[in-house]
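Q: Respectively, the protein sequence lines represent chains A and B. Taking the working numbering, the leading residue of the first sequence gets 1, the next gets one more, and so forth. Taking the working numbering, the leading residue of the second sequence gets 1, the next gets one more, and so forth.
Hints were generated in silico from the structure; no laboratory data involved. It cannot be assumed that every hint is accurate.
Note that the list lumps identical chains together, so a pair holds whenever it fits in one copy or between two copies.
What the hints assert, rightly or not - Derived SDA-like pairs (lysine to any residue); straight-line CA-CA distance at most 25 Å:
1) K524 to G296
2) K555 to P570
3) K196 to S170
4) K229 to H369
5) K605 to E537
6) K557 to L571
7) K213 to F173
8) K605 to P570
9) K489 to P570
10) K605 to L571
11) K229 to A368
12) K555 to K605
13) K232 to A368
14) K229 to L366
15) K196 to A28
One-letter residues, chain by chain:
Number of protein chains: 2
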Amino acid sequence: MADYTALSFDRVHITGGFWKRRQEINRAVTAQAVYDRFSDTHRFDALSCRWHDGMEYKPHIFWDSDVAKWIEGVAYLLAEERDEHLEALCDEAIAQILGNQAADGYFNSYYLAVAPDERFTERENHELYCAGHLIEAACAYFQATGKGEFLAAMRRYADLIYRIFYVERSAAFATPGHPEIELALFKLADVTGEEKYAELAKYFLDARGNNEKDIANPAWGAPYNQSHKPLKDQTAAAGHAVRAGYIYSAMADEASHFSDAEYGAACERLFENITERQMYITGGVGSTNIGEAFTGDWDLPNLTSYAETCAAISMVFFARRMLKLRPDSRYADTVERIMYNGALSGVSLDGKKFFYSNAMEIDPHLYAHGGRAYLQSTERAEVFDCSCCPPNVLRFIASVSDSFYTYRGDTLIVHQFAESSADILGAAVTQETSYPADGEVKIRVSGKFRTAAIRVPGWCSSFALSVPYMLKDGYAYVDLPESGEVTVKFDMSPQMVEANVNVRENTGKASLMYGPIVYCMEGKDNGGDLQSLFLTEDASFTTEPSDVLGVPIIKAKGFRRRSCEGLYAPLSSQFEPVGMTFIPYFAYANRGVDEMTVWTKVLPKYDHAD
Amino acid sequence: MADYTALSFDRVHITGGFWKRRQEINRAVTAQAVYDRFSDTHRFDALSCRWHDGMEYKPHIFWDSDVAKWIEGVAYLLAEERDEHLEALCDEAIAQILGNQAADGYFNSYYLAVAPDERFTERENHELYCAGHLIEAACAYFQATGKGEFLAAMRRYADLIYRIFYVERSAAFATPGHPEIELALFKLADVTGEEKYAELAKYFLDARGNNEKDIANPAWGAPYNQSHKPLKDQTAAAGHAVRAGYIYSAMADEASHFSDAEYGAACERLFENITERQMYITGGVGSTNIGEAFTGDWDLPNLTSYAETCAAISMVFFARRMLKLRPDSRYADTVERIMYNGALSGVSLDGKKFFYSNAMEIDPHLYAHGGRAYLQSTERAEVFDCSCCPPNVLRFIASVSDSFYTYRGDTLIVHQFAESSADILGAAVTQETSYPADGEVKIRVSGKFRTAAIRVPGWCSSFALSVPYMLKDGYAYVDLPESGEVTVKFDMSPQMVEANVNVRENTGKASLMYGPIVYCMEGKDNGGDLQSLFLTEDASFTTEPSDVLGVPIIKAKGFRRRSCEGLYAPLSSQFEPVGMTFIPYFAYANRGVDEMTVWTKVLPKYDHAD
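Excised from the complex, chain A in its bound form:
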């Protein structure tokens, strides 16, 4: 299996534009906001492991993962630029973890305080999930600060897990109910060079759905945590979407770490199924709140979309890892779809509030009564009982440039576009661009690379390059000129996108995109009653500058269908011309509760004479 090296985010500095602005908010606001809410809710206090019966604020089984993801996110900020205050907050939390770690390496603030005799007995209790996030945090913190204590401590914990689960097999279950430790162990193997962690990860993968010890999730069944059959044999994404995203990511890690074509092929199948059958146009996945899960092909309802922020992010993890197997623009397209839409919608423009689930359509009128079984969140919150998404957003934005480049030999693969400079084994790579506000990207490569492969985004139907190119798997391969300079220009005209007719809710509708950015309408910009608005098939669009991260808002002329009087009346298709305004989807719900829709009805031309 041909492996490509991924350039990690800390080698790519975003120097301007969309992501620079977004990262500044992440650093200046989100890191502290998440910390504050986690403090208020006693998640940091729990690390003391001093809770006992009769006390308030009983630790929860997944609190360690919240704290760990926050540390990991801050570590990514520190890797980019040290910050004494944030580092001190991390050190304090880490000191608590180290101070309360058991002699044998075990650490879990819930089990140590609440159920010390029940370690590794409940498959569904997020114990190894928390361990995985602690390991990821420890790796990141070591890489960011050079401080090794946390990493050393988490290695001891990983060693314990290796012994219990792999050597002795003495735990009550074989594989964790919530995957995560698998990809963490591959990361730990990379950071430490210690192969046993990769072995353990592989064991967890091989054993899932393939052992007699694990019981199916009692509420949701075996598919819920992808245990219904061996992972290698799975063909369609199923079950809890975040669990799916994490385990598929680990499968891709396995495929590249062990050059394992079987896992690689399974990953290809699952990736194809997700992106061609089960993914919202925003990159959101897991369409139902029932088990926060994938459901089946083409089932992508709008009003009841679940599309958890963490699930979208987990799909970036999966797609990023696929790019290490081979460059195929479908992977990078998916990363881009999610990074500008379904992941970014998870955080407010001011960086303080978060969506756990992400709507494709909102009608506030429907919330007045309890008549619909599930409707989407209409407003972001500062923290949740299950608050996995806020720190996931923090770490995702801080490390977004992780997916910009891969390389092999003298070929550099350019997956994403942003004003940035990178250092790749001594070669300087810069991008000069205001992408995605504009489609022109000037790429400068110095040093060892002879060839550059530049992704042509799937949304782009027209582009031009300053040098000759050959298209392969969605990349324009160019021989780098002496100057090392290549300019590519993608046509960023707003375009209407349709969904496969099998997506029953969207037939006859279009979603408006500007480059990679999905747009939506909100009620306040469009006179409300969005369901009565129609674009026309031949609509023309104008863009207007906005202060929303530098990307434009889009205007169009469309029609509003006049209503009949009363509830039912003979059909009388009366339309009046109306102006329509579209804003980036990631910016919805930043101005109060409102109607919203990603999909807009379209009046097509047709031959009435037929």
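Using the hints, position chain B against chain A.
A: Chain B in isolation, oriented as in the chain A frame:
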């Protein structure tokens, strides 16, 4: 309050056509089929009141109502034509009831056997609901057969209820959780001439939402059983739809019985709210399974429609009673909307199987996984655990002509159309027609009537009468000619009907109607993927004879939208011409599980130059 007399069904003999065929199935099949399933499920056995702990088949709190409604339905058949076998089955059940009635008149097979010391302690236990249905059955059986024992026994029960609830007020609650006894008591007052039963009914109405004894429904709150405010003050239909229909019916009874303008006005408001805001085009009401309830204005989802058969029937009861207050075609239109659609869909064409809830749209693909919180039944069943609907359909069809005529003085009001003959105080009234297969109705009136008022259905935009007329409140008033003959011809051309744009699921769609009959598409007639089919605004329709109760099937030319490859692609509105076939909605789901939709997308004309 100007009162009109309603001609009861037993004075109107349906002599041919649609309803004759439907009634023959009801008599030949449905009566026995419901009996058999109720026998299988031990509902008749329970009348022995011999169940005790440790036995199988514990009686359920609402079983008496199932049996009572079956007896009532059979009584209506017997009133039309005696049938020894069915009468013997009734006599047997009635003997059980009489044999086990308590000395003080009480009868409830659940309480007598299971909880004898807990009479009248649980507001939500359907005790007075069962009593109401027993009283209705006893009235009907007396009227049909002249046998008075059952009626006498139920009078004793009503007398007991009068004492406990009205004189002593010694029950643990003031008004029943499930209304029904109120309208039964008005019926009992009519049949016996005993005013105290009307007084008790009025007390139950006045006290609802207006006393300190009743507690709100613990699961669903006070609106669930219309107890959130005094009934007189209610303005919008709320709560459990069957309860609503029954209590509003009783309010209308009160308004005519006591000439009470306050209740009359409340009924008008509620009727208007239901029919102009909360009713499916089929006449179904109660759009959500959550509490089987009304939700709010314009909330009429298709895939998750609940629209319980009993709720539709209860709205016929309500509308019928409104016609006793004054002739207004909105009431009779609603009766007609329900009788041809939302009530009739509740029973299979062969008369053996029943829908409890009635879909507006079915996509069988969505049932494969559990991703949608509530989806509609796809197939009728022979019996349900809560099997209120089958005997309700039985009694509804048997007594459908109850709503055909009202009269006052020398004016006869003709509300519904069917081949039939009626005897009204010695005046013979016949209708010669194949309505609804055809729109021509020849009405012949002999005897005392000078004036006839003939409803012009709300769905009808063009009609002709053989004599001069004056339109008022939706009725064509004519001076009857010497011959007593009036012919009316309603244009029955298929027409597309739109919903108010506030019904968000239906904007841009039409429902096809033929006269009063709502049509739908099923997958098997239309090549599946119904969501990709479009009618055109200027579609022309052809009718073809069918064997479905003599009404035609309808064909049209439309378009199928071609799908893009993959999940998302630039908009490309490609349509191919396609034939479309529509069948009567009441006939859906008689050929196996299939896709179905009541609403079809429409391609409108619009000016592309704008």
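Q: Now tell me, hint by hint, if it's right for this structure.
A: Taking the hints in turn, this is what the structure says about them:
1. K524 to G296: Close across copies (23 Å), not inside one copy (34 Å); limit 25 Å.
2. K555 to P570: between (33 Å within a copy, 18 Å between copies)
3. K196 to S170: Intra 18 Å, inter 77 Å, cutoff 25 Å: intra-copy only.
4. K229 to H369: between (41 Å within a copy, 17 Å between copies)
5. K605 to E537: both (7 Å within a copy, 13 Å between copies)
6. K557 to L571: both (24 Å within a copy, 17 Å between copies)
7. K213 to F173: within (5 Å within a copy, 55 Å between copies)
8. K605 to P570: Answer is both: 23 Å inside a copy and 16 Å across each meet the 25 Å cutoff.
9. K489 to P570: Between copies only: 19 Å across chains, 51 Å inside a chain, cut-off 25 Å.
10. K605 to L571: both (19 Å within a copy, 12 Å between copies)
11. K229 to A368: The answer is between: 19 Å across copies meets 25 Å, while 43 Å in one copy does not.
12. K555 to K605: both (21 Å within a copy, 23 Å between copies)
13. K232 to A368: Answer is between; shortest inter-copy Cα gap is 23 Å, intra-copy 46 Å.
14. K229 to L366: Between copies, since 23 Å is at most 25 Å while 40 Å is not.
15. K196 to A28: Neither. Shortest intra-copy (39 Å) and inter-copy (77 Å) distances fail the 25 Å Cα cut-off.
Figure legend: structure checked against the earlier numbered hints; the only hint not met is number 15.
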